[in-house]
Amino acid sequence: MDFSFTEEQEMLRKIARDFLSTECPKDLVRKIVKDEKGYTPELWGKMAELGWMGLVIPEKYGGIEGSFLDVAVLLEEMGRAALPGPFFPTLIGSLAILEVGSEEQKKGLLPKIAQGKLVLTLAVSEPDVGYELNALQCQATADGKEYSVDGTKLFVEYAHLADLVLCAARSKDNSGQQGITLFLVDAKHPNLTVIPIDAIAGDKQFQVTLNRVRIPQGSILGEVHKGGEYLQKLLQVATVAKCAEMTGGAQQVLDMTVDYVKQRVQFDHPIGSLQAIQHHCANMLIDLEGMKYVTYLAAWKVNEGLPFGKEAAVAKVWTSEAYRRISDLAHQCHGAIGFCEDHDLPLYSKRAKASEFAFGDARFQRQLVAREIGL
Amino acid sequence: MDFRFSEKEEALRAEVRQFCQKENLESFPCEIEDEGYGFGGWSRAFTRKLGEKGWLGITWPKEYGGLGRSVMERFVAAEELAYHRAPQYGHLFNDAVGAGIVAHGTQEQKSEFLPKMARGEIFWSTGLSEPGAGSDLLNTATRAVKNGDDYILNGQKIWPTGAHLAEWSLILARTDPDAPKARGLSTFLVDVRSPGVTVNPIIDMAGAKSFNEIFLEDVRVPKRHLLGQENRGLPLVFECLEGDRFWGRCLRHAGSWRDLEDLVQYVNEAKYDGRSLKEDRVLQDTLAEIAVELEVCRMLSYKAVWLLNKGSSISWESSVVKVFADELGQRMANVGLQVLGPQVQLRDNSKWASLRRRFMFLYNFNRGLSLAGGTSEIQRNTIALRGLGLPRS
Ligand SMILES: Cc1cc2nc3c(=O)[nH]c(=O)nc-3n(C[C@H](O)[C@H](O)[C@H](O)COP(=O)(O)OP(=O)(O)OC[C@H]3O[C@@H](n4cnc5c(N)ncnc54)[C@H](O)[C@@H]3O)c2cc1C
Ligand SMILES: Cc1cc2nc3c(=O)[nH]c(=O)nc-3n(C[C@H](O)[C@H](O)[C@H](O)COP(=O)(O)OP(=O)(O)OC[C@H]3O[C@@H](n4cnc5c(N)ncnc54)[C@H](O)[C@@H]3O)c2cc1C
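Chains as they are written, first to last, in this note's numbering: chain A, 1 to 375; chain B, 1 to 393.
In isolation and in its complexed conformation, chain A is listed as follows (with noise of 0.2 Å):
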């Protein structure tokens, strides 16, 4: 057994935490939660030059090639750093690509990715559908060779930003997971409408409507009406991914709490020392220990290769429920500086609150675990 991280993936953590906490300030965040476009083209460059859009690709693809677990690193600094825009839905179609797209797709796709200039994001969600693949009515309809789709995905991240969109539809009529293909439609399209939902934490929500959009054969991801399977275990990838994103901005409003008790002074003490504060601090740290470990024991399955979808499961549904937890003791620790629009708080506890719809609730995830232990 082993806890620890490589040096590697400590230098990694290292390096993206000196560079969000210099280049992404949360004034800036606060900046770009509010602006419509939700990211700067700056820093997306930025971080791109690091590499980290290419951190799971492969080198001969022009990736760095890491490891699932430095990809959980990378995301925790960036929960931590409340980092916006679209580097998640890039990551996850990405991830979507490498294991199921043609070789033609990956050489074509992968490099300008890496390079931070193709933007990728997930349709999956639809106006009744939640992320119940056997739920999905969005059509493709076959015609020859090629499809053609039509339907309407909610939750659509960066929608706006995107330069494809991988979109699940139905593509034989059988109900269940059998019959769904994934298309990597065009976000340009001019049969594709999107529209901005407003979302608690200012994060880029879209609905994106598909009218009659072509898909030319070489746009479709994977086999035919065989990407439901692959669908849901990418989603669980999906799910331990956000987790650890979760985990960082957990941490970091514990920090920031412990931080400000220590230094808030009332009845002429630190507040820190008042028992009362002190013992809501000892169940955010509690919580987020939780947090980690089951995060990081469903990211070591999913980098190891082993089953991992009953992990991934217990990972949402515990760091869901701790981390909105946590931003509450946090909220009540703070007294009401922390009530205010410009405290670096809120955009936490806003994000608590997204993420844990994200890939299913806890109480979505409850019920996966629900079967896992026989029921």
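Hint data in this document are derived by calculation from the structure and do not stem from the laboratory. If a hint is listed, it holds; no wrong ones were tucked in.
Coverage of chain A stretches by chain B, computed from C-beta distances (three or more under 8 Å per stretch; other residues unrestricted):
1. 255-269
2. 273-279
3. 282-289
Here are the computed lysine-lysine pairs in the DSS-like style, where the Cα-Cα straight-line distance is at most 25 Å:
4. K46/A - K60/A
5. K301/A - K310/B
6. K278/B - K310/A
7. K301/A - K8/B
8. K31/A - K46/A
Every residue gets a Cβ at the ideal spot worked out from N, C-alpha and C, and that includes glycine.
Take the given structure of chain A and dock chain B with the ligands to it, following the hints.
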């Protein structure tokens, strides 16, 4: 990062598993039926069996009857025993004393006690708490006065677990009443069969005879049974308790996972009001939540044992494990009773009646665990001060 156990650890796990499958675990007479953690009770006979295998002193040096194996191996063995509900309690609660003797004992003390402890021939209790010194051990009033080659002990201890079954007790007593409170305490290895010692069992609210009170009246303890330095007893006790906190709690996930499996089986088979329980979404969620928490608990324990195995301190990490495990045990016992519900209660001949009795016992007994070994409040203080560096009031 690597969450696999080593080959050596897995081999030991397999050996312990085989041992558990071969021995008829339920046939061993238990002096304490269960102890609330979710695994087996306290059995002298079974503990001796573990002694024969060398597993009681698994990490102790070979010359003192141990196996000289790693902390991680000890954990793996204990985890496997817990899952099989082996009545291994004696194995665990020898720990504070065993660790104290290994770390601070004289050669003579090591030779005198460790081999017998490793064989399961003698048992210990820890006599720390007193009526006026529970959370606040600094307030210890039991006195020890030097007299020739002996110390004379007077005072009262309360709550030592298993003292009625043990031959020896680790007693914290004040040796220097004039020194600042923390500096005048010493620890003694006391034979509770000595003249002047009275041990009275106290029945706990779960109906178990698990803890005791000990009265000490002019009890003679030879100087050679002073453990560690005179007046340095408190740091020694705190050091021993750090490990004790961990070992007493680190098996919650393993023992309770077994209970969860039983609950899942019950839900899958039972009907209530004409409906199959397994259709109940609320029950599914509730049990899934427990599964999630047990997994968190497991990982917290793994983190702490990994640190311990490296030789690092687990001062606040052991408190994290303890608070989490104890409070989870309470939640789980409550969930168990909710799931098993009133109907099992009414039918004593139901195949589930024993499961319900088990959860009723756990429900009652688990109330004590967030007190024993330092209350959850005290653990949270430790986490805040040591884990987060918050200022003292
Ligand atoms: C929505 C809103 C409306 C408000 N409206 C008004 C208003 O109209 N008029 C007005 O005068 N004020 C108003 N306030 C301010 C409010 O009264 C203060 O926020 C509150 O008294 C706490 O003070 P603080 O924010 O400085 O936090 P602090 O006093 O710094 O407290 C921070 C944390 O330390 C804890 N703490 C502090 N002292 C102790 C202690 N002795 N023991 C245990 N814990 C302690 C607190 O409980 C809190 O968790 C408002 C605040 C809010 C959020
Ligand atoms: C099942 C069981 C087994 C036990 N086994 C042993 C044993 O083998 N050996 C042994 O020596 N003792 C044993 N004990 C005793 C145990 O260590 C004490 O009960 C425990 O330390 C608390 O002391 P107390 O009961 O005197 O409660 P008190 O110290 O009086 O505490 C009462 C309440 O006040 C709170 N409190 C006290 N001080 C503080 C503080 N500074 N900050 C915040 N809250 C505080 C406590 O958390 C608790 O909620 C056992 C107890 C139980 C229940």
